[in-house]
Amino acid sequence: MPLEAVEARRLYRQVADQLRSLIDSGEYAVGSRLPTERELAEQLKISRPTVREALIALEVEGRLRIRVGSGIYVIEPAAIAAPAQASVIEGPFELLRAREFLESAIAEQAARVATKDDIARIDASLIAMENVEHPGEASMVHDRAFHVAIAGSLGNAVLVRVVGELFDQRLNPYFAQLAHYFESPGTWRTALDEHRAVREAIAAHDPQAAREAMRAHLARSQERFAQNFGAETSSSSARAPAKPSKPKPASKKKQAGSGSARRR
1 MPLEAVEARR LYRQVADQLR SLIDSGEYAV GSRLPTEREL AEQLKISRPT
51 VREALIALEV EGRLRIRVGS GIYVIEPAAI AAPAQASVIE GPFELLRARE
101 FLESAIAEQA ARVATKDDIA RIDASLIAME NVEHPGEASM VHDRAFHVAI
151 AGSLGNAVLV RVVGELFDQR LNPYFAQLAH YFESPGTWRT ALDEHRAVRE
201 AIAAHDPQAA REAMRAHLAR SQERFAQNFG AETSSSSARA PAKPSKPKPA
251 SKKKQAGSGS ARRR
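So for the sequence shown, the UniProt record's numbering puts the first residue at 1; every next one is plus one.
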């Protein structure tokens, strides 16, 4: 019998699979409300961002509906998407943490080597960002150009490609669904101020300030996406009549193999 390839499942996919099983088994009936993110995180002994990634994945699949200020509800799926097809999608918080680590170092080096032409390219993207509506496709194009321009100042085509590819993951359905809840003209203005701080540090050739400004920008992006959905009261009264089984804690062994999970 031929061996099958072994793939380590991301932690948020394990959580999504477990919640989906509870829904399919009737532990959470259509129309019932799930426990809050906080309650799920406590039961599973994992971080709330990981729980959020799992809930967003199930919402994209059409199994849940998140109602801000009310709760997380099981819905009747029109057509059940194959979860295996989504197993290759990176979690939004995982992506942002990777960008925080990589782009902070890039900004630090950019402050050392950026030329006047490099600063001009960064400025051009900032001006474009200031004159575009958000959320929207155009704002993402100019945001991407800003981060790529900083990477471009290092003169390394590989870094330019990696930064661009990581940014492009914002187009995946999980990231797009999360952004739907938390991105607005107000968050865009805040992000613009953070971008300007990065630019100023690079133009001043201050490596430490540039590194910290980029780190702070991407860390705050994570904070914006982790805001409360607005339903943190106990949801026990709104669940299905049958008392649902608690989700099993995620495997410690598997958590130990995930660096991003440990750091959340």
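Misleading hints may appear alongside valid ones.
Pairwise CB distance ranges, derived in the manner of DEER restraints [as the list claims (entries may be wrong)]:
id	residue 1	residue 2	range
1	Gln43	Ala157	41 to 49 Å
2	Glu39	Lys116	49 to 57 Å
3	Leu22	Gln208	14 to 22 Å
4	Tyr181	Ala29	22 to 30 Å
5	Glu200	Ser21	46 to 54 Å
6	Val30	Gln208	49 to 57 Å
Think of the hints as simulated: they come from the structure by calculation, not from any bench.
The C-beta atom is built at its ideal place from N, Cα and C for all residues, glycine as well.
Outcome of the hint check:
no.	hint	verdict
1	Gln43 <-> Ala157: 41 to 49 Å	46 Å, holds
2	Glu39 <-> Lys116: 49 to 57 Å	54 Å, holds
3	Leu22 <-> Gln208: 14 to 22 Å	48 Å, violated
4	Tyr181 <-> Ala29: 22 to 30 Å	25 Å, holds
5	Glu200 <-> Ser21: 46 to 54 Å	50 Å, holds
6	Val30 <-> Gln208: 49 to 57 Å	54 Å, holds
Comparing the model with each numbered hint stated earlier shows that hint 3 is the single one that does not hold.
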